[in-house]
Amino acid sequence: MIEVRFNKKNLIVLAGVILIYFLVYELQAAGVISAFQEINLMMLGINIILAVSLNLIVGFTGQLALGHAGFMAVGTYVSAILSTNFNQPFPVALLAGACAAAVAGIVIGLPTLRLRGDYLAIATLGFGEIIRGAANNINYIGGAAGMIGIPQLTNWTWLYAMMVLTILVTTNFINSTHGRACVAIRENEIAAETMGINTTYYKVLAFAMGAFFAGIAGALYAHYFYLIQPTTFTFFRSFDILVMVVFGGLGSITGSIIAAAGITFVNAALQDLAVLRMVIYAVLLIIIMVFRPQGLMGNKEFTLDRWLKKRGAVSGPAGN
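Note that our numbering gives residue 225 to position 225 of the sequence shown, counting from 1, and the numbers run on in steps of one.
Hints are not guaranteed to be accurate.
To be verified - Computed spacing ranges between beta-carbons, pair by pair:
| no. | residue 1 | residue 2 | range |
| --- | --- | --- | --- |
| 1 | R180 | I39 | 37 to 43 Å |
| 2 | N155 | I12 | 24 to 30 Å |
| 3 | G196 | A134 | 35 to 41 Å |
| 4 | T231 | T194 | 43 to 49 Å |
| 5 | R292 | N85 | 23 to 29 Å |
| 6 | P89 | E38 | 22 to 28 Å |
| 7 | R180 | P293 | 21 to 27 Å |
| 8 | G31 | N299 | 39 to 45 Å |
| 9 | G149 | T231 | 38 to 44 Å |
| 10 | N299 | A268 | 27 to 33 Å |
| 11 | A191 | S34 | 34 to 40 Å |
| 12 | V107 | L14 | 35 to 41 Å |
| 13 | G126 | P89 | 17 to 23 Å |
| 14 | I18 | A123 | 38 to 44 Å |
Quick caveat, the hints were computed from the structure, so don't treat them as lab data. Ideal placement from N, C-alpha and C gives every residue a C-beta, glycine not left out.
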């Protein structure tokens, strides 16, 4: 049974979430948001979903995975096939893409349980390349040319709802006994196993949940840009998502959100610099990792309680 507590803090958060939604919605309706800004807004939401879902695997469970773009690709193609070739409604295509990605997460999670660190990273990287290679050679889904003519069904409402759902489910999972078991595995897998934690179950569960939300991000992507190609889901895409997680802080959902926003903004700002864009992007990342190796938030979260305590600490001496 789920207990919902309508305390002051939760009501403030709920009001903020609703306010952001309607603010952006009204700005879109009024034509204030340009087409370029809308594209980056959509990419921001998709990147937040991807970063938060990967953080569950890498940051909270401690499994270094480099195949997140492969999970995204599974959700992208499955949802696109259902909506384009079988005329299924968007919610069905979205759920099917997410479930297919979750199954892929279980498939990659089970054989790689004995692997850790660099070995696990290489195995998951190989999985991502297998998915991309398969998409490249299957004519039914367009092969290297990709699929075109996918109905443009992703809008601000769908994107925002899925983004909030991803953050909410991940946060509640981490704060549960299951989430604490995942964190225990990250800290010391042998000790966690000694204490009776089923490490096999929780590592596969983390992969499945992370892949599920990556599949949602892929489905949203496919039904906004209405064109998908295998080149979208290369190793570099997985690396981009991992950078967001590390930049924000391993084990910090708030950090993932901030980092996804920052990197999306940087990519948009450097859009016209062509080759120099990647050089500037790399230099910025090096500077951040040198001066803030633990990421922006470390493993901490930004909460109302923490903010109010800081406000009290600042205003307290002045009041005296």
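So does P89 sit 22 to 28 Å from E38, Cβ to Cβ? Roughly 24 Å apart at Cβ, these two residues keep to the hinted range, so it holds.
Is 23 to 29 Å right for how far apart the beta carbons of R292 and N85 are? Between R292 and N85, where Cβ atoms are some 47 Å apart, the hint is violated.
If I claimed the Cβ atoms of R180 and I39 lie 37 to 43 Å apart, would that claim hold in this structure? Since R180 and I39 have Cβ atoms about 39 Å apart, the given range 37 to 43 Å holds.
Taking the beta carbons of G196 and A134, is their distance inside 35 to 41 Å? Once the Cβ atoms are compared, 39 Å apart, the range 35 to 41 Å for A134 and G196 holds.
Holds or violated: 39 to 45 Å for the Cβ distance of G31 and N299? Distance hint for G31, N299 holds at roughly 42 Å.
If you check the beta carbons of N299 and A268, does the distance land in 27 to 33 Å? Holds - the Cβ-Cβ distance for N299 and A268, about 28 Å, lies within 27 to 33 Å.
Does the Cβ distance between A191 and S34 fall inside 34 to 40 Å? Since A191 and S34 have Cβ atoms about 53 Å apart, the given range 34 to 40 Å is violated.
Would you say the C-beta atoms of G149 and T231 sit inside 38 to 44 Å of each other? 18 Å, violated
Would you say the C-beta atoms of T231 and T194 sit inside 43 to 49 Å of each other? 46 Å, holds
Against the range 24 to 30 Å, how does the distance between the Cβ atoms of N155 and I12 compare: consistent or not? 27 Å, holds
Determine whether the Cβ-Cβ distance between I18 and A123 falls within the hinted range of 38 to 44 Å. 42 Å, holds
Given the range 17 to 23 Å, decide if the beta-carbon distance of G126 to P89 lies inside it. With Cβ atoms ~35 Å apart, the hint is violated.
Against the hints set out earlier in the document, violations occur for numbers 5, 9, 11 and 13.
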